[in-house]
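Based on these hints, arrange chain W on the given structure of chain X.
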Amino acid sequence: MKRKILIGVCGVLLSGVIGALWASDHGDTPAVTGKSTDIADLYAFESPANANNMVFISNVQGPLSPAASAGAAFDPKTLIEFNLDNTGDNIEDLVIQCVPHGNKMYVYGPLKPHQPGLTSTIQNDASVVTEITRYGSKPLVGKSRSGITAFAGPRDDPFFFDVGQYIKIIKGEAKEFSATGADGLAGTNVLSVVVEVPKAMLGSADKINVWLETKQSK
Amino acid sequence: MRSTLLFIASVLGVVLITAALQQKSAQARVADPNMGRVFSIPGDQVGRPGVNVVFISDDQKDKFNTTMPSAMKAAYHAMIRTKLLALNPNYTKNFLGLDAETFSGVLATDVLTVSLKGATSYYDGTNVLTGRKLNDDVIDFSLKLIFGGTDGKSNPGLSSDNVNKNDKDFSNLFPYEAAPW
Chain X
872 MKRKILIGVC
882 GVLLSGVIGA
892 LWASDHGDTP
902 AVTGKSTDIA
912 DLYAFESPAN
922 ANNMVFISNV
932 QGPLSPAASA
942 GAAFDPKTLI
952 EFNLDNTGDN
962 IEDLVIQCVP
972 HGNKMYVYGP
982 LKPHQPGLTS
992 TIQNDASVVT
1002 EITRYGSKPL
1012 VGKSRSGITA
1022 FAGPRDDPFF
1032 FDVGQYIKII
1042 KGEAKEFSAT
1052 GADGLAGTNV
1062 LSVVVEVPKA
1072 MLGSADKINV
1082 WLETKQSK
Chain W
29 MRSTLLFIAS
39 VLGVVLITAA
49 LQQKSAQARV
59 ADPNMGRVFS
69 IPGDQVGRPG
79 VNVVFISDDQ
89 KDKFNTTMPS
99 AMKAAYHAMI
109 RTKLLALNPN
119 YTKNFLGLDA
129 ETFSGVLATD
139 VLTVSLKGAT
149 SYYDGTNVLT
159 GRKLNDDVID
169 FSLKLIFGGT
179 DGKSNPGLSS
189 DNVNKNDKDF
199 SNLFPYEAAP
209 W
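Chains X and W are the protein sequences, given in the same order. Be aware that the first sequence starts at 872, since it is given in this note's numbering, and climbs by one per residue. Be aware that the second sequence starts at 29, since it is given in this note's numbering, and climbs by one per residue.
Next comes chain X alone, as it looks inside the complex (with noise of 0.2 Å):
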């Protein structure tokens, strides 16, 4: 049973996989590897320090390397975007849209979009707006009176996976997972931007459907 389960996933999986390292979304697509716009992981949590607000965490560029880290930077020309459906046709009712300019990024919504789907543009002036935070220093953050807030810059990359071993059971060089993983991003960044919102801005449905995108202005 093992075996043939671990040949299929060599099958599966080798023509896709070897070499690129498999951290939740990263490297996940041709396209967008190594680009500004390589999304690593979208986080929607509950806020531990306060139940009536929604936390959105969009990580990119990642894995970053400490040394990278220093130099990395958002890019002027890419939009981060958390679409929300609050209605469940997994239809974008409300968008919080990041852009960053100069040092700073601006943080836009929640709010109807202008039309669902793959071009978004900025209609309105933004909710808040942070500084961006240095790599090394101590976390900028921006607060809106209407109760929201926003942090942009490196942290450490919060997803954790032992990718190394992963990757040799695809190549067939090992059965399963070891008994102790390690941790294949350990000692790695990303750019983070985190946002929090009251949920009294999302609608009144118990829950909502949530996606991140990406996407390049010309």
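Keep in mind that the hints were calculated from the coordinates and are not lab data. Computed from a prediction, not measured in an experiment: that's the story for all the values here. All the pointers check out, no bait thrown in.
For lysine-lysine, the following DSSO-like pairs were computed, each having C-alpha atoms within a straight-line distance of at most 30 Å:
| id | chain 1 | residue 1 | chain 2 | residue 2 |
| --- | --- | --- | --- | --- |
| 1 | W | K91 | X | K906 |
| 2 | W | K196 | X | K1039 |
| 3 | W | K89 | X | K1089 |
| 4 | W | K89 | X | K983 |
| 5 | X | K906 | X | K1042 |
| 6 | W | K181 | X | K1046 |
| 7 | W | K145 | X | K983 |
| 8 | W | K181 | X | K1039 |
| 9 | X | K1042 | W | K121 |
Incomplete in silico selection of chain X near chain W, CB under 7 Å:
| id | residue |
| --- | --- |
| 10 | V903 |
| 11 | Y914 |
| 12 | L989 |
| 13 | S991 |
| 14 | I993 |
| 15 | T1020 |
| 16 | D1027 |
| 17 | N1080 |
| 18 | K1086 |
| 19 | S1088 |
Ideal Cβ placement from N, Cα and C applies to all residues, glycine included.
Then chain W, alone, in the frame of chain X:
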């Protein structure tokens, strides 16, 4: 002469005050620097961790990123079902009770379900797919769903990578993520 000077002075005064007021209100009305910007070149798209990487074939990965979630199920359900059964040919149901058709159907619409009314977690033993916290072990949960069989205990060597936590502790205070290395 004096009244002329006085007149000129008062006119100057009015002119200067008006200019100052206009500049002040112009500063208050500084346009948002991104106003009107259009972002139309698609980049990356992610809902749940690992779906594109594991379940979508190479030649479709870029297309997956530009498929709207409302259109994903029709486009990718069959492909994901095929990949699931290729990964685990002995798959019947996972420990959530989902058969291959249902499980692949859930994965095919790549969105993160997030509860606005209760605990938010990818999986914490009680809450299932109600959000994603920083310390959720999404890898073990995903591996167990694919390889763990009906009780989650099959194929123990493939159902956990035995890495259960991040290299740094998270914080309960904003911005929650740890400082960089």
